[in-house]
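Novice: Heads up: the protein sequence lines correspond to chains A and B, in order. Residues in the first sequence are numbered consecutively from 1198, following the numbering used here. Residues in the second sequence are numbered consecutively from 5, following the numbering used here.
To be clear, the hints were calculated from the coordinates, so they are not data collected in a lab. Among the hints, erroneous ones may be present.
Just so you have them, the derived chain A footprint on chain B, three or more residues with Cβ under 8 angstroms [to be verified]:
(1) 137-150
(2) 264-273
(3) 297-304
(4) 312-326
Glycine residues also receive a C-beta, built at the ideal position from the N, C-alpha and C atoms.
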Amino acid sequence: MDILIYGIINSISLALIAIGFALVYGISRLANFAHGALYVVNGFIVWSILNILQINYILSIILSLIIIGIIGAAIYQFILIRVRGMAISEIIASYAIGLAMLEGLRWGGFKGMTYTLPVFIEGSIEISGIPVDFQRILVVLIGVLVVFLLWIFTHYNRIGLALRGMAQDERAAMMLGIDSDRMALVAMALGSLLAGLAAVLLLPMGNIVVEAGYNKLIMAIAVCIVGGLGSWVGAVLAAFLIGFAQIITVKYIASHFHMVVALLAIIITLIFRPSGLFGRQKELEERV
Amino acid sequence: MNEERRKERLDRGIKVRTEGIYAISSWEEMGYLLLPRLALICGMLALPLVLPIYWQRVISSVCIYSLLALGFDFLAHFLGLVSLGGAFFIGTGGYIAAILNTSLGLPPVLTLPVATIGGGAICTLLLYPCLPLRGVYFAIVTLMYPLVLARIIEALDIMGGTEGILGVASFPNRWIEQYGILVIVIVSLFGLRRLVNEDIGLVFRGVKDNDQAVKASALSINFYKSIAVFIASALGCLAGAYLVHIYMWSGISQFALDFSIIPIAATVIGGGGTLVGPILGCFILVPISELLRAFGTLRIVFYSLILVAFIVFRSEGIMVYAQRKYHQFERWVKV
């Protein structure tokens, strides 16, 4: 029973982290390796607003999400747009940007155990004998809500539909008058915002540390690759697969293997089925 | 007065002459060919003599990164395999050398070649299933290998676990240490340059540009790719083994991302596809990061920003630019 409950919580957290990465890659074919950095940066933004400006928690969260969205858009508009289409340059450039942000934070003194965000609602509840605190329940609820809203957004909204059109066929979308660069900008802003949202939801359960930036990036990559790069449904399903696999290994083998599961999942998936378990097979693009 | 003009680039006469048999027809042509090469070799060999004692320690680490960068450039620009796994090679070579030295008591003279060949073989074997992958997929797989190895060593607590292996023998004196690695770098640089101009180099470039054509010529792509990966990973493992003997210690920090990032940055800055460029890049980047050591992690910020700036605005790199200036002259002509 505890495997089920913790598995669901872990899976939804993974899905939250990965969905922004999957969104950006799915729409603009841009592997945003600064995703983990954006996640941590947003944690520090909320912390700074909360502790320096001292305004309402909800308000500061909303403010931070707007800021992180603008940061993501700026990264695309001023840097990544110039290397667009060169996959390796994109990876190196975005990874270097992420590295600069994270190590800049570390240099600026944001390290150690002192930085925490308050939980939304104190207290915990027992579900069939297992104590679960409200924050984790909230993560599950909001996670499901976000996935649902994203589905609505991409199916019943002009911009959402344009994004989906671009994801399916960029050239055809351009012929129909969809501005590819502007949509990629929107996607990047939305992706950063989702990374920020994941940070706001997950960080209250621990400390804000710079190392999380690297770990979350690996998690996001693992989920997206197992699910198939660019496939959103696949990403959500893969989040459950990896989430449960992690909880089961932690319970029956050792907690050290938490990350090994994700890393091995990446390597094995890429070797045997590069397009992921749920992605469309594009044999010629992936393999020789 | 506002007439339009454009820049015209022409090869220098001496460049055209030195490409053929005429290269040995006069001292001028020979000088033209030999000058850059001799400047590089003499410059590198003179370094341990002219630098102050503190900077002499940096030479070895520059050379270690140079070997990695050389391997990266070779794989990326001649085979089309972008390997982000420099740390994987360093770690494998380092651990092999450390284990051979501490448990079997072999001296560095033996551990270095064994770690080079054995490490190259192990890395090639582990990377073999990923070789058919293209572009981004291969890059991500190679990025993950060092991470997963480090976590496995940590989790299973094997090979010294998080403590690492201590008490590895060092080199007899610093002259042997520094000249050893300098000579290794020079030999592998010119060796690789020769290799890519041989017949096999043509096949390598074919694999990069049009693998289907290579396949159609009844050549096994995987075979050629694995040869190239073996060469690059052997260079990396040699660098790792050298590193272990210099620091007299081997640990999971050798799987750190530094070893994957700095060689790439050096290649981008120095100019990819030239093989000399990455080494030049290392000679620029590593001392800069050493100068900034006092600023802590700010140096990582600094070289990440350099990397972004180069990749976005000057993706050709220093060496390609310098070669163009050396071989060609420019003039303004009326349109």
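Novice: Give a verdict on every hint.
Specialist: Quick rundown of the hints versus the structure:
{"no.": "1", "hint": "137-150", "verdict": "holds (count 10)"}
{"no.": "2", "hint": "264-273", "verdict": "holds (count 4)"}
{"no.": "3", "hint": "297-304", "verdict": "holds (count 5)"}
{"no.": "4", "hint": "312-326", "verdict": "holds (count 5)"}
Checked against the numbered hints given earlier, the structure satisfies every one of them.
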